[in-house]
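The whole structure should be built from the sequences, with the hints applied where relevant.
Next come the chains, spelled out residue by residue.
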Amino acid sequence: MVRLAMIYVGNRETAKDVVQEAWLGVLQGLGRFEGRAALKTWIFSILIHRAKTRGQRENRTIPFSAWSDADPLEPTVDPERFLPSDHPQWARHWSTFPRNWDAIPEEQLLSAETVQVIRQAIDRLEPSQREVITLRDLEGWSSAEVCNVLQIKETNQRVLLHRARAKVRRALESFFDERDLSRPSR
Amino acid sequence: MDKMKTGELACQELVELITEYLEGTLVPNERVRFEQHLTTCAGCRAYLEQMRRMIRTLGAITEEEIPEDALEQPLQTFRGWKHDQK
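Read top to bottom, the protein sequences are chains S and A.
Per this note's numbering, the first sequence starts with residue 1, numbered consecutively.
Per this note's numbering, the second sequence starts with residue 1, numbered consecutively.
Among the clues, some could well be false.
To be verified - To spell it out: a stretch of chain A is covered by chain S in this simulated footprint if at least three of its residues, at any positions, have a beta carbon under 8 Å from a beta carbon of chain S; those stretches are:
1) 9 to 18
2) 26 to 38
3) 46 to 55
Said to hold, decoys possible - Residues from chain S that keep clear of chain A, each with C-beta distances beyond 12 Å, as calculated:
4) GLY10
5) THR14
6) ALA38
7) HIS49
8) LYS52
9) ARG57
10) ASP102
11) ARG119
12) GLY140
13) ILE152
Unchecked claim - Lysine to aspartate or glutamate pairs mimicking EDC-like chemistry, simulated, CA-CA at most 20 Å apart:
14) A:LYS82 - S:ASP17
15) S:LYS52 - S:ASP17
16) S:LYS52 - S:GLU13
17) A:LYS82 - S:GLU21
18) S:LYS167 - A:GLU16
19) S:LYS153 - A:GLU20
20) S:LYS52 - S:GLU145
21) S:LYS167 - S:GLU80
22) S:LYS52 - S:ASP123
23) S:LYS16 - S:GLU139
24) S:LYS40 - S:GLU21
25) S:LYS153 - A:GLU13
26) S:LYS167 - A:GLU49
27) S:LYS167 - A:GLU23
28) S:LYS40 - S:GLU154
29) S:LYS52 - S:GLU21
30) S:LYS167 - A:GLU13
31) S:LYS40 - S:GLU145
32) S:LYS167 - S:GLU113
33) S:LYS52 - S:GLU126
34) S:LYS167 - S:GLU126
35) S:LYS153 - S:ASP177
36) S:LYS153 - A:GLU16
37) S:LYS167 - S:ASP177
38) S:LYS167 - A:GLU20
39) S:LYS167 - S:GLU21
No wet-lab data here; the hints were simulated from the structure.
All C-beta atoms in this analysis are idealised placements derived from N, C-alpha and C, irrespective of residue type, glycine included.
Rendered as C-alpha cells:
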C-alpha cells in the first residue's frame, strides 16, 4: 500500500501517513460498503483517492490531462533499431537483434542494482503509466481490477501498460548491454 | 493499427502488438500472424523473452522496506477509531 501511495506523494513518510488515513477511511466507510466491488479494490480505491488528494495538495501530482496528448501511436522501440521501410528485403525488420537475457542469472535480475534501474525507470514514467505498471506487474493485479480501481477502459489500460513496459524494458536493455550481461540472439 | 492486414508482420509492427499478445487480446487472425513471425525471427523471439523475463522480475520485487509495524499501524488506527466511536 505504501508503494502504491508513493506514486502520488513525494516521500515515504507522507505515503505511510496516507495509508493510515486510508485505513481510517475504510473503517469509517465499512458500513457503507455494498459488496458490489471486491473488498480489495474498494480499499485500494480509497487509498488512491486519498493519495491523489494529498499529492495535489503538495503540488506533486501533475494533472493527468497534461499527459493525455502524448501520442498513443508513437513507437515504443527506437525506430533506429529497424531497417527503413524502403529496404528491398527486410523493410522494418531489426537492424540489430535484441540480445538474449536467458544467460542472466536470477540473482542478477533481482540484485539491488537491477532493481534500482527498474525503480528509476518506473519513477520517470508518466503518472498514469506508472499507476498501471505498478498495479499490474508489481502488485500482480488483473486488468479488470486495475480498470475498476482507476476507472479506465480496458483498451486504455492496455496502452498505458504497453508503453510503461516498453520503457522499463529499454532501461533494462541498456543496463544489461552496458554490463555485457546479455548475449547475441542469433 | 490495421487489424485486417494479411501477409507477414514486420518486426516493427510486432513489437507494438506484444502487450496485446501477452494479454491474450489479439484477434485470432493477428495472433496467427504474430506467431508465424516468431517462428522465423530470432530477434522478435528475443524481444518477447526479454519482455516475459522483465514482467516476471517486476512481480518478484518486494517492497524495499516492510516496516516492522506493518500490521501495528492499521491496528492502532483501528483502536483510535474505536475509541472515537465511544
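Could you tell me which of the numbered hints above are not met by this structure, giving the numbers in increasing order?
-> Numbers 2, 10, 11, 12, 25, 35 and 39, in rising order.
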